[in-house]
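Numbering (this note's numbering), first residue to last: 1 to 95.
Honestly, I wouldn't trust all of these hints.
Derived DMTMM-like pairs: lysine to aspartate or glutamate, alpha-carbon spacing no greater than 20 Å straight-line [unchecked claim]: (1) Lys28 / Asp58; (2) Lys28 / Asp13; (3) Lys64 / Glu35; (4) Lys64 / Glu54; (5) Lys31 / Glu43; (6) Lys64 / Glu76; (7) Lys31 / Glu5; (8) Lys64 / Glu92; (9) Lys64 / Glu25; (10) Lys31 / Glu76; (11) Lys31 / Glu92; (12) Lys31 / Glu42; (13) Lys28 / Glu42; (14) Lys28 / Glu43; (15) Lys31 / Asp58; (16) Lys64 / Glu32; (17) Lys31 / Glu54; (18) Lys31 / Asp13; (19) Lys28 / Glu54; (20) Lys28 / Asp67; (21) Lys28 / Glu76; (22) Lys28 / Asp60; (23) Lys31 / Asp67.
Here are the computed distance ranges between Cβ atoms for each label pair [said to hold, decoys possible]: (24) Met89 / Arg44: 31 to 37 Å; (25) Arg44 / Glu5: 21 to 27 Å; (26) Asp13 / Asp58: 26 to 32 Å; (27) Glu25 / Glu88: 30 to 36 Å.
Keep in mind that the hints were calculated from the coordinates and are not lab data. From a predicted model like this one, the values you see are computed outputs, not experimental measurements. Cβ atoms here follow ideal geometry from the backbone N, Cα and C, with glycine treated the same way.
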Amino acid sequence: MDVSEIGSALSNDTRLNLITILLEEGPKTGKEAHELFVQRHEERRRQSIHSALETLVDADLLSKSYDTNVGGIVYEVRNPRLLIDLEEMDVELGS
1 MDVSEIGSAL SNDTRLNLIT ILLEEGPKTG KEAHELFVQR HEERRRQSIH
51 SALETLVDAD LLSKSYDTNV GGIVYEVRNP RLLIDLEEMD VELGS
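All chains should be built: construct the whole structure from the sequences, respecting the hints.
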C-alpha cells in the first residue's frame, strides 16, 4: 500500500467517519452506511457517500463484496490496524 494514497484517503472527515461507522456497526450496504452517516453527522447525498466508500476501497482500507443475505454490495473495514514504515514509505495491514 502506498503511504500517499492511504494519507489522501484518510485526510477527509467524511471518509474517517465512514470508517468509524463500519468499525462500530460491522459490514453495511452503501444505503445503510449513508443512513447511519446522516443520523450521526450531517446530510449528504447518497452518491457522495458512495464515492467516499469507493475511495476507501481503492485505497485498500475497505473491502466490498456481494452479500446474498442482503441482496447487495456490503462494505467492511479490511483491518482496523495499519503499520506505516516511513523509511520504506509503505503501509501494511496490521494484525
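Query raised in the report: Under the criterion that the straight-line Cα-Cα distance not exceed 20 Å, is the pair Lys64, Glu32 satisfied?
Result: Holds, at roughly 14 Å.
Report task. Measure nothing beyond the straight line between the CA atoms of Lys64 and Glu92; if it is 20 Å or shorter, mark the hint as holding. Result -> holds (19 Å)
Report task. Starting from Lys64, check that the Cα of Glu54 is at most 20 Å away, please. Result -> Given pair Lys64, Glu54 holds - Cα atoms ~9 Å apart, limit 20 Å.
Query raised in the report: Does the Cβ-Cβ separation between Glu25 and Glu88 fall within 30 to 36 Å?
Result: holds (34 Å)
**Report entry** Given hint Glu54 paired with Lys28 - CA-CA distance at most 20 Å
**Finding:** holds (13 Å)
Report task. Given the hint of 31 to 37 Å, check if Met89 and Arg44 actually sit that far apart at their C-beta atoms. Result -> holds (32 Å)
Query raised in the report: Would the pair Lys31 and Glu5 pass a check requiring their Cα atoms to be no farther apart than 20 Å?
Result: violated (25 Å)
Query - Holds or violated: Lys31 to Asp13, with C-alpha atoms at most 20 Å apart - result: holds (19 Å)
**Report entry** Distance restraint between Lys28 and Asp67, which requires alpha-carbon spacing of 20 Å or less
**Finding:** Holds: Lys28 and Asp67 sit about 10 Å apart, inside 20 Å.
Query raised in the report: Is the hinted range of 21 to 27 Å satisfied by the C-beta distance from Arg44 to Glu5?
Result: holds (23 Å)
Query raised in the report: When you check the alpha-carbon spacing of Lys28 and Glu42, does it fall within 20 Å?
Result: holds (18 Å)
Report task. Sort out whether Glu42 lies within 20 Å of Lys31, counting only the CA atoms. Result -> With a Cα-Cα distance of about 15 Å, the restraint between Lys31 and Glu42 holds, given a limit of 20 Å.
Checked against the numbered hints above, the structure violates hints 7, 11, 26; every other hint is satisfied.
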